[in-house]
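A.B. asks: Next come the chains, spelled out residue by residue.
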Amino acid sequence: MDYKREGSLTMGRLSGPGKYRLIAVFVSAVMAALLPVALFAGDNGPCIDCHTKTDKLKVQEKAKIDPVTGEIRVVSMLVDEAIFKATAHGGSDFFCIDCHQDLDGADLTEGHKPNLKPVDCITFCHDDPAEEYLQSSHVKHMKEKNKDVPTCKDCHAGLTYHYTDLGEKSPRDVPRGTDPLHRKITIDACGSCHTDYLNSYRDNAHGQVTALGHTTTDVPVCFDCHGKHTILNSSEAESKVGKERIIETCGKCHANVGASFVKHIEHPQIKNLNYYKTLLTALKKSGGDPEALKKIILNPQTILCIVFVMYVGILAFTFSAFGVHSLLGWFAIVRDERQRKGHADEEHH
Amino acid sequence: MKSTTNYLRFGLFHRFSHFLIIISFFGLVLTGVPLAFRSYGWARWLYEMFGGYPTAGYIHRICALITFFAAFLHFAFLFVCVSVKKQKGYFWGVDSLLIQPRDIFDIIADIKWFMGIGKRPNFDRWIYWEKFEYLSLMWGTLVMAVTGIILWFPAQFTKIVPVAVASIIDVPSIALIVHRYEAILAAGFIFSIHFFHTHLLPEKMPVDEAIFTGKITEAEFKHERLIQFNRLEKQKDLESFRVAPSSLFVSFLTRLFAVPILITGLIMVGLMFSALLVWAL
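Protein chains in written order, with the working numbering: chain G, 1 to 349; chain H, 1 to 281.
Some hints could be false.
Just a few of them, taken from the derived set where beta-carbon distance is under 8 angstroms, the chain G residues facing chain H [what the hints assert, rightly or not]:
1. HIS254
2. VAL307
3. VAL309
4. PHE317
5. PHE319
6. ASP336
Calculated directly from the structure, the hints in this document are not laboratory data.
Using N, Cα and C, we set each Cβ at its ideal position, and we do this for glycine too.
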């Protein structure tokens, strides 16, 4: 999946629904000439006119039932225009009515009808990601191994950032894919299951920068390398981190990368105790067989672990040896000074 | 002003080199250490103080260039002295910073003094731990420079590594690990061992001004390096090292510069050490 296409949320509109929208725009334009106070695609004005003002909005709060959990919440009908504009759906070519399609052409003289249908994200616009997701290793795991894998809502609705203070939890405010806070949250979302991978990512050059809170698009988070909906195991040919596509993936940021560059270990196991345990077990199993030993040692992860352990040793030795040396030197100076003082005092008496 | 006899211990070149290293080392540590201690709040704060990503990284690279410049100056100086001026004693003898046989005896004598079974030993121009600090600075700079350049230009560097080698030895990852832990070693060493054993000694507190003003008093000279003092006196060279004592103003300026830097270093090593404790407990 190419990044630009995935990042933009307009792709659904290019195919089927675009046609409907064009018709809607046309019909609305004709109606606009006839009815002065009606709601049309192509203009958020009438909506914003009431939904940002407490004195104009007749119904400011409503009860909403979560279709999945059955949870009942009171949600505000007020919209913070600035926050909304910054969201994935806040672009100038996108309108309230695109999602709230049952309000198309509604007469606003008396206010529109109170109960809208729940917004359907997938049928008209986001059918592609759903299709792609079904091809991913996540779904393969679910089908073949009956594993509990994340589905749409685990990633998309579970993010509190989708809600604003003003709109008190409104799924309307979906952040853009490039939004730093959104990108930061995705690291934690992936990491909530892939703990070991999150930890090892933090030990690498990319992860140490994002750990310091910098998550704009110039430092990769999980999905920049692994993909979003079509995440595939690296052993699969189509995988973004597999043999075939890894140069292309790294090349998005690093100009002029070669076949050696992509051998880089993005998830070093240097601080993973379990990795050391498996190493020890493998060593025991080998029984001193030189071929088996060679295989264990000539592994990039093992070599990184050796370098790391070596440095821990150097640090421990240097600081304990020189720390003791400095302390003893300090005490000896103080002791000498006291003795000298003692002598001086004796002479004085 | 105390009317004492003063001698020159460090020439202008070495004082300037030390100053350059202070500036670049602090720039490198303050912008680099946050990455190594990324999970702590203070690291984030410090990183943001220096402009965060990528500004902190640019400062880091500029300071690296200053370090390269200081290293270049050092070896150019050595080259001029040894090859052009044909001066002797840089690699062997009392003036050499390389380890000499007598250093072994000095270490033993020092340990005896620590234990209280011997007198404070007398030293020549360079004491063994000073030599160790010098040599570790050389080694550390080399390691940090090589690994730093690899991390600076990973794509270009891996071009010269054959794929067969790269699939066993992941050079950029090794460079990152070595760069990170060598940095912790260097920063920790300078801010604790070097500070406490040079500037914050009970008899020097808060700063050993010799490396900033270049001057030491006769009493200090005799106390610290009696063998060198006696040797110079015997060779009738002592007078050539004699200088006017530094004024109170210069002394004040030295402290004004050095004390905040020492405090910054102590805070850094305190934070690093507390992070280690938090991790270990």
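A.B. asks: Next, verify each hint and record whether it holds.
C.D. replies: We went through each hint and held it up to the structure:
About 5 angstroms separates the beta-carbon of G:HIS254 from the nearest beta-carbon of chain H, less than 8 angstroms, and the hint is met. Hint status for G:VAL307: holds, given a least beta-carbon distance of 5 angstroms to chain H, under 8 angstroms. The beta carbon of G:VAL309 comes no nearer than 10 angstroms to any beta carbon in chain H, farther than 8 angstroms, and the hint placing it at the interface is violated. Residue-level restraint check for G:PHE317 is violated (minimum Cβ-Cβ distance to chain H is 10 angstroms; threshold 8 angstroms).
A distance limit of 8 angstroms between C-beta atoms decides the matter here; for G:PHE319 the minimum to chain H is near 6 angstroms, and the interface restraint holds. Interface restraint check for G:ASP336: the shortest CB-CB distance to chain H comes to about 6 angstroms, inside 8 angstroms, so the restraint holds.
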